[in-house]
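**Q** The task is simple: from the sequences and hints, build the whole structure.
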Amino acid sequence: MTIYGVAIISACMFVGNFIGDVLGQLMGVDSNVGGVGFAMLFLILITGSDLYGSKLSETTTKGLKYWQSMFIPVVAAMTASQNVVQAVSGGPIAILAGLLAVMTSFIILPSLNKVFQSYEVDEELEVAEN
Amino acid sequence: MSNIIEIAQNIMIKNGFVMSFLVIGVLMWFSTIISKHITKGRIHSSAIAVLLGLVLAYIGGVVTGGDKGIADIAAFAGVGVLGGSMLRDFTIVSTAYGVTLSEIKKCGLIGVVSLILGVISAFLTGAIVAVCFGYKDAVSITTIAAGAATFVVGPVTGTALGASSTVITISIAAGVVKSVAVMVITPFAAKRIGLTTPKAAMIYGGLMGTTSGTAAGLAATDTRLVPYGAMTATFYTGLGCLLCPTVLFWLTRLIFAM
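These protein sequences, in sequence, are chains Y and E. Under numbering that gives the first Met the number 0, the first residue of the first sequence is numbered 0, with each subsequent residue one higher. Under numbering that gives the first Met the number 0, the first residue of the second sequence is numbered 0, with each subsequent residue one higher.
Among these hints, one or two may not hold up.
Stated by the list, open to error - Subject to a maximum C-alpha distance of 20 Å in a straight line, what follows is the list of computed SDA-like cross-link-like pairs (lysine to any residue):
no.	chain 1	residue 1	chain 2	residue 2
1	E	K104	Y	L44
2	E	K190	Y	I107
3	E	K104	Y	T1
4	E	K135	Y	S110
5	Y	K61	Y	S110
6	E	K105	Y	K64
7	E	K35	E	G193
8	E	K104	Y	S48
9	Y	K54	Y	N16
10	E	K105	Y	I45
11	E	K105	Y	Q116
12	Y	K64	E	R223
13	E	K13	E	F29
14	E	K105	Y	K54
15	Y	K54	E	K13
16	E	K105	Y	V114
17	Y	K113	E	I109
18	Y	K61	E	T222
19	Y	K113	E	G193
Said to hold, decoys possible - Which bits of chain E does chain Y cover? Going by a derived footprint, with three or more residues having C-beta under 8 Å, they are:
no.	stretch
20	176 to 183
21	232 to 243
Rather than coming from a laboratory, the hints here were simulated on the basis of the structure. Even for Gly, the Cβ is constructed at its ideal location relative to N, Cα and C.
**A** So this is what it looks like as structure tokens:
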């Protein structure tokens with residue numbers, strides 16, 4: 000059933016957020032540490048491993064693929080509900096700090112990419128097309 | 000006549016969440032048309048959707064004075080639910096479907112290195128800007144610098160250190176500017192900085208850290224890269240909240256005595 004696929008994502012999100020919250024408390028941080036990341040790891044383990052992945056029926060994967068295809072529309076809705084006015088009105092200091100932080104990362108990225116050249120194994124993207 | 004408008008508005012308000020599908024559907028449709036016919040396919044439709052979304056958010060903010068963009072207009076409140084953190088995280092998790100485990104394993108170390116570098120470089124940049132604008136106390140400098148990490152790290156740090164509300168607002172604004180800049184610049188810079196492989200996407204997520212910015216930026220670049228970038232970015236805010244009010248604050252205080 001399609002709902003099984005959707006339920007799998009929910010279950011992963013619950014467990015992931017649970018671990019993230021507990022981790023945050025253990026570290027004494029007032030925030031969730033990597034909840035979504037853990038949730039994604041669980042989804043990969045469940046759907047991408049030979050153990051369970053091959054057992055998923057076609058209707059179950061429909062539920063997974065549907066929400067995957069909703070990602071970009073959700074992102075569009077997300078940008079439409081951002082506080083853009085505050086971003087602009089924070090003054091030059093906020094704009095400069097934000098922009099320069101992004102620029103610095105853009106400068107670091109190519110060199111980090113080179114440093115880890117030996118990890119070059121990802122020429123082929125094996126992500127499901129949608 | 001005014002009655003008809005009122006009826007339409009009531010339908011929009013009563014069925015907010017469902018109506019947001021219509022609103023975003025139309026937005027995506029417009030984006031596809033603009034992408035195909037005006038830019039001749041050079042700019043991906045999702046990049047245009049992100050830009051249009053930001054324009055709508057600005058309009059919403061100016062009209063209502065609220066902080067949730069277009070979602071502050073009652074008829075479009077559902078957009079705030081569709082684009083809220085719950086469904087954002089849910090769809091981000093769903094993008095992990097189809098990713099192979101071996102890819103992630105190989106990238107583990109890269110993720111950790113880029114996360115630490117990402118937080119420190121954002122903090123340093125923010126701190127330098129704060130100093131250039133005349134801030135001399137360690138608390139304000141740290142708070143603004145933490146804002147350059149993400150708009151969550153800024154206020155969390157500022158509250159922990161007891162920064163003034165003006166400084167906390169600046170730090171939130173810096174974080175929002177960062178996430179918007181990531182959304183807008185990424186698709187244009189992607190090729191030049193080699194953001195074409197899952198590995199690069201994981202580094203990128205770790206360096207940028209803003210989950211919404213990374214998700215939107217990668218979506219507009221190449222959807223297949225989203226899960227890799229989102230995976231590392233999701234650890235960034237936690238790491239930032241851990242490092243900024245502690246180690247990075249102590250270091251800042253060493254340089255700028257209270």
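**Q** If a hint holds in the structure, say so; if it doesn't, say that too.
**A** Hint check results:
With a CA separation close to 12 Å, the supplied pair E/K104 and Y/L44 stays within the 20 Å bound. Of the pairs offered as hints, the one joining E/K190 and Y/I107 holds, with about 15 Å between alpha carbons and a cut-off of 20 Å not exceeded. Only pairs whose Cα atoms come within 20 Å are accepted, and E/K104 paired with Y/T1 is rejected, the gap being roughly 30 Å. A threshold of 20 Å between alpha carbons decides the hint, and for E/K135 with Y/S110 the separation of about 33 Å lies outside it, so the pair is violated.
Restraint check: the Cα-Cα separation between Y/K61 and Y/S110 comes to about 40 Å, which exceeds 20 Å; the hinted pair is violated. Using a Cα cut-off of 20 Å, the hinted pair E/K105 and Y/K64 is violated, with the two alpha carbons roughly 25 Å apart. Only pairs whose Cα atoms come within 20 Å are accepted, and E/K35 paired with E/G193 is rejected, the gap being roughly 25 Å. Between the alpha carbons of E/K104 and Y/S48 the distance comes to roughly 13 Å, so the proposed pair stays at or under 20 Å and holds.
For the proposed pair Y/K54 and Y/N16, the alpha carbon gap of about 26 Å is over 20 Å, so the pair is violated. Taking the CA atoms of E/K105 and Y/I45, the gap is near 19 Å; set against the 20 Å cutoff, the hint holds. Proximity of E/K105 to Y/Q116 is assessed by CA-CA distance (about 12 Å); at most 20 Å being required, the pair is judged to hold. For the suggested pair Y/K64 and E/R223, the alpha carbons sit about 13 Å apart, so the restraint of at most 20 Å is met.
At most 20 Å may separate the alpha-carbon atoms for a hinted pair to count; E/K13 and E/F29 exceed this at roughly 25 Å. In summary, the hint linking E/K105 to Y/K54 is not supported, as the alpha carbons are separated by about 26 Å, beyond the 20 Å threshold. Between Y/K54 and E/K13 the alpha-carbon distance is near 41 Å, which puts this suggested pair outside the 20 Å criterion. The straight-line distance between the Cα atoms of E/K105 and Y/V114 is roughly 14 Å, inside the 20 Å bound, and the hint therefore holds.
Taking the CA atoms of Y/K113 and E/I109, the gap is near 11 Å; set against the 20 Å cutoff, the hint holds. Note on Y/K61 and E/T222: the hinted pairing holds, with a Cα-Cα distance of about 18 Å set against a maximum of 20 Å. Our distance criterion of 20 Å between C-alpha atoms is met by Y/K113 and E/G193, whose separation comes to about 10 Å. With 7 residues bearing a CB less than 8 Å from a CB of chain Y, the stretch 176 to 183 of chain E meets the requirement of three and the coverage assertion stands.
With 7 residues bearing a CB less than 8 Å from a CB of chain Y, the stretch 232 to 243 of chain E meets the requirement of three and the coverage assertion stands.
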